[in-house]
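Participant: Chain by chain, the residues:
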Amino acid sequence: FPHPSLPHAMANRSWLLKLAVGGLSRASCRYKSTQPPAKSVTDEQVQKLLTRMTGLDLDKVFKTRREPLSQPLYKLVDEHQLKKSQMETVQRARELLKMPPVLPQRKEKGELIQDDTKLAGLEDTNVVFTDISQTESNSSRRIVVREKNGNLRGATWDERDRMCQIYFPALGRQLTLPAMLQGNDLARLLKEQRHKEVLERANIQCEPDSKDYIRVHHMVYDDIDQRGLYDLLRSTRHFGGLLWYLMTRQLLKGILEEMLEKNLMEDAIDLVGLFKLCYPDHEPSKSLTKAGKKCVQEFCEHQGWTDLAALASTKIDGGEPRSAQAQ
Amino acid sequence: MSVRIRLALHGCTNRPFYHIVVAPSKFKRDGRHLEQVGSYDPLPNTNNEKSVALNIERIKYWLSVGAQPTIPVYKLLGMAGLLPIHPRMYLEAERARNAAATKSKSSETESTESEPQPKTA
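For the record, the sequence lines run as chains G and D. Just add 5 to wherever you are in the first sequence, counting from 1, and you've got our numbering. Just add 69 to wherever you are in the second sequence, counting from 1, and you've got our numbering.
Bound conformation, chain G alone (with noise of 0.2 angstroms):
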């Protein structure tokens, strides 16, 4: 039944929809309803919750890798240069953490440039000529393609990105899109709980504004929220774009449950306050009254989220500071 203190919900049927299936799992709750926030990804504040909930674990962001062998270097450091290579070393992960972009996908192209039938049967394949002019950057490269009936048209962009690649190749991109992100395959690597791999593959392969990159980490973000897996991404920089993605098609409540679960009152507080950044005309925003970690409670009993309000609850005593959590 709609809360009382929710008198315009009967207006907004989405809000209806998520009420009436609030007591169910978190998978039955799933709907792609995508509502344009109030801010953009890239405004200042918006950025800053992001990073603070991304977090730092430089266990973590400089994991042990692969690389070319090499004699290990000792140093003998007196207390002020130690402490100075730390902070070095947490900035170099501030930068590693730094958000890829998150934009709308492109346009698509190929508008007819010239019409010319009478040059039909001359090829029996297309021709695409590509300004390779050094002053040029790809994404205003001119590419066009004289068709086989002669006509001649602006390239799309499978054949812009490919041209791109043929002559000015960026490193570790293929020419045409890779296994592991597309069908079986990428659906073995997320049963796998290889989410990072594909995101960052997919990263260096697809522009962000591309098809691909963008049906790759949608299904990356719903098979993480559907399974719970987000402490995968968490201190990656991968988490920024998952929240965004959760947020803009408000299901928020499996990563908040995983918060309380894991006593991240702050990460929660953090969620609640960019749900009230993003969205401040909707009911909840206009409600919550209380500050600080009684806010998370609210929200939760806003949402109808019984459960999750009676867990919130009992964290508010609790509950890790994030200090105590970075290293």
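Simulated from the structure, these hints should not be mistaken for lab results. Beta carbons are placed, not taken as given, at the ideal position from N, Cα and C, and that holds for glycine. Among the hints, a few may not be true.
List time: in silico BS3-like cross-link candidates among lysine-lysine, alpha-carbon distance up to 27 angstroms [stated by the list, open to error]:
| id | chain 1 | residue 1 | chain 2 | residue 2 |
| --- | --- | --- | --- | --- |
| 1 | G | K68 | G | K44 |
| 2 | G | K103 | G | K201 |
| 3 | G | K114 | D | K129 |
| 4 | D | K119 | G | K153 |
| 5 | G | K53 | G | K295 |
| 6 | D | K97 | G | K123 |
| 7 | D | K144 | G | K153 |
| 8 | G | K114 | D | K144 |
| 9 | G | K123 | D | K95 |
| 10 | G | K291 | G | K44 |
| 11 | G | K114 | D | K119 |
| 12 | G | K80 | G | K53 |
| 13 | D | K172 | G | K123 |
| 14 | G | K123 | D | K119 |
| 15 | G | K216 | G | K267 |
| 16 | D | K95 | G | K153 |
| 17 | G | K53 | G | K267 |
Which bits of chain G does chain D cover? Going by a derived footprint, with three or more residues having C-beta under 8 angstroms, they are [said to hold, decoys possible]:
| id | region |
| --- | --- |
| 18 | 122-129 |
| 19 | 145-158 |
The hints should help you fit chain D onto chain G, whose structure is shown.
Facilitator: Using the frame of chain G, we list chain D on its own:
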């Protein structure tokens, strides 16, 4: 002798690949050149397209100082939309279309002739 924009044949046996170069006509076809301004791959790739790279900036400069493109290069620049279409291209296209039409007609008549006659009891 004048400066030309022409195709220099590279690649290997049964696999041609052209560099579009600016060179005086005196220089050897594949030899010394003033500048390379593009490439042309005459064999279609796996997506069934022929790829041509053109350094438009430099081509425009060389054309402005009087470099003469050879016919194949002129055709490529015409197809790209940089220069007007060479009249020979319209002629070749029409001839190709006519040839394709007559070929399909002859193959149609062949197939009707080679159809097995119905057996009479």
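Participant: Each hint: holds or not?
Facilitator: Hints and how they fare:
no. : hint            : result
1   : K68/G - K44/G   : violated (34 angstroms)
2   : K103/G - K201/G : holds (15 angstroms)
3   : K114/G - K129/D : holds (26 angstroms)
4   : K119/D - K153/G : holds (11 angstroms)
5   : K53/G - K295/G  : holds (21 angstroms)
6   : K97/D - K123/G  : violated (36 angstroms)
7   : K144/D - K153/G : holds (15 angstroms)
8   : K114/G - K144/D : holds (25 angstroms)
9   : K123/G - K95/D  : violated (36 angstroms)
10  : K291/G - K44/G  : holds (16 angstroms)
11  : K114/G - K119/D : holds (20 angstroms)
12  : K80/G - K53/G   : violated (35 angstroms)
13  : K172/D - K123/G : holds (20 angstroms)
14  : K123/G - K119/D : holds (20 angstroms)
15  : K216/G - K267/G : violated (35 angstroms)
16  : K95/D - K153/G  : violated (36 angstroms)
17  : K53/G - K267/G  : holds (22 angstroms)
18  : 122-129         : holds (count 6)
19  : 145-158         : holds (count 6)
In this structure, the hints that do not hold are numbers 1, 6, 9, 12, 15, 16, in rising order.
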